[in-house]
Structures are given as structure tokens and as C-alpha cells.
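K.L.:
Listed below are the residues making up each chain.
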Amino acid sequence: VSGPGTAGAPGTPGEAIRILELREDAIGPEVLTELVERLATLDDGAVVGFLGVTRRSPGTPAPGQESEAARHAGRSVESLEYEALPEMALRVMVEIADEISARFGVTRLAIVHRTGDVPLGEASVAIAACAPHRDAAFEAARYAIDETKARAPIWKAERFEDGHVWIGEPAREGPGSG
Amino acid sequence: LTPTAVRVRVRLFAMQRELAGTRQVELELPVGSTIEDAWQALVERFPALAPGRPTVRFARNSDYAPAETRLTDGDEVAMIPPVSGGLG
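Residue numbers (our numbering), protein chains in the order written: chain A, 103 to 280; chain B, 3 to 90.
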């Protein structure tokens, strides 16, 4: 989904704009420019952007993946593979955007997540938050990435030369203390 | 005629999809069955999934739902293994 969301918190200046998407195509760094062009208004004194990028050092294997991870110990990750349950992932992203509006009064927000194979150095997720003041914009962006990773049904495998390892931890079903 | 069974579609992802060797399973369960019952039926068919019980979460029709949720005919149950989460 994409486009205008629900109205902002009372007293929030400006219009509500949401960009919540899963994309199969590559997300280059220029995505931040694209998102800011679509989100930022003249009410916004702060624009915070975040890219989550594929790195070569392995992460923490998901429970049950420890022995597979040990098999690749000391090797470099070659790429990441993301799998999603799209309709539910987008629903979770809408909930997170609602929470950001309620908690921080930030109503111009983008969460764009890639699916499929993401080569090293490429972005797997892009976040942008626009607000009149920087505190709220930083908090909103931080909440958006943390909650998306903890709650959205999106799975990540690290691909090695001769196999792959699923990464992560049990999904959190609702908002954190954020 | 009172229906005696509910039919649900179970979707599998990531490591569970690989362990089961399939993305989707159709189950027929007795009326009154819960998500936990669907999980048990799934594990009977794919015993390799059993150790994942402590870390799996469930969704019914695209919303997280507790294991004791009763299933209705036509429901879609997604088994949610650990997600990308954490420190990333």
C-alpha cells in the first residue's frame, strides 16, 4: 500500500503521507531522495532517512540454525535472501505507522522493504520520517525500523558459497515498550 | 446437516518451508479445532517441524493470533518462524 494514511494526531501540522511498500526491485541510495521528495512538506524542519544494508559479516542464526551457521563459520556472506508474507507484512507496517502517529505525532513516514536476493552493499530496507522537529523524526525512524524487524513477517537468509542460514529471533506480535 | 470438519490452508515460510518441503498444506480438522491443533496435525505430517514449536508464532487471516484461537472453515493459518529481527 502507498499513499495518504489516516489523519495525524491532533495538533500535528500538515498532511499525513505514508509510503509502505515491499519491492522486488533493487533499492539504491537514491531511494532516500525519492522518499523525501514524496514525503516532505514545508512544515517539516527535520527529515531522517535510514538504509539497512547487506553486510558480509554474519548475524545471529535463528533458533535451530546453529549447526548450519557453524558450518559456514569464518566465511563471508555472499548475499541476503528475503522472503515475506506480503499481505500480512503490509498490515503490520500499517499498525506500526499508526503507532508512530499516536506516539510521536509523526504522520509523514516511509517504510520500504525489499524481497528476494539482495547483493552485498545493497539496501534491504529504507525508512524516512519527516516532522516539524528533529526529536520526533529520529524517534519515528528508529521505531519504524526496530518494530518492522521485530514484528513483520519477513525472513532473512544469509547465503554462503555452499548453503544458507536463516537469521533472526521469534516474532514479536505487538508493540514494544518503544 | 451440521458440518463436522473445518478446512484450513496452512502456509509455511523460511526454514519451516524448507523442512516441510512445501509452501502450503491443506488440512481438514474437526470442528472446534484450534491453531494449536493445526500445528499438531502439521507436525504429524512433517515431524522435522516439531522442535520449532517454542519459537513459532501464528497468524490467522493475516493477523497474529494465539495458539488457542478456534479455526473457521476457510481460514488461512500462517506459521511464522523466527523473523529477521534483532540487531540485524
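Everything labelled a hint here was simulated from the structure, so no lab data went into it.
Misleading hints may appear alongside valid ones.
As the list claims (entries may be wrong) - Derived coverage of chain A by chain B (criterion: at least 3 residues anywhere in the stretch with Cβ under 8 angstroms from a Cβ of chain B; other residues may be distant):
1. 180-189
2. 247-253
As the list claims (entries may be wrong) - DEER-style ranges, computed between Cβ atoms:
3. A:Glu-168 / B:Gln-42: 19 to 27 angstroms
4. B:Arg-47 / A:Leu-144: 28 to 36 angstroms
5. B:Ala-52 / A:Arg-236: 35 to 43 angstroms
6. B:Asn-63 / A:Arg-274: 17 to 25 angstroms
Every value quoted in this text rests on a predicted model; they were computed, and no experiment measured them.
Glycine is no exception: its CB is placed at the ideal position from the N, C-alpha and C atoms.
K.L.:
Now, for every hint given, state plainly whether the structure supports it.
P.N.:
Tested hints:
Counting residues of the region 180-189 of chain A whose CB falls under 8 angstroms from any CB of chain B gives 4; the rule of at least 3 is met. With a cut-off of 8 angstroms between beta carbons, the region 247-253 of chain A has 3 residues touching chain B; three or more are needed, and the interface restraint holds. At about 25 angstroms, the beta-carbon gap between Glu-168 of chain A and Gln-42 of chain B stays in the expected band of 19 to 27 angstroms. Taken as a hint, the range 28 to 36 angstroms is violated for the pair Arg-47 of chain B and Leu-144 of chain A, whose Cβ atoms sit roughly 58 angstroms apart.
For the pair Ala-52 of chain B and Arg-236 of chain A, the supplied restraint of 35 to 43 angstroms is violated, since their beta-carbon distance comes to about 49 angstroms. A C-beta distance of roughly 19 angstroms is found between Asn-63 of chain B and Arg-274 of chain A, which places it inside the suggested range of 17 to 25 angstroms.
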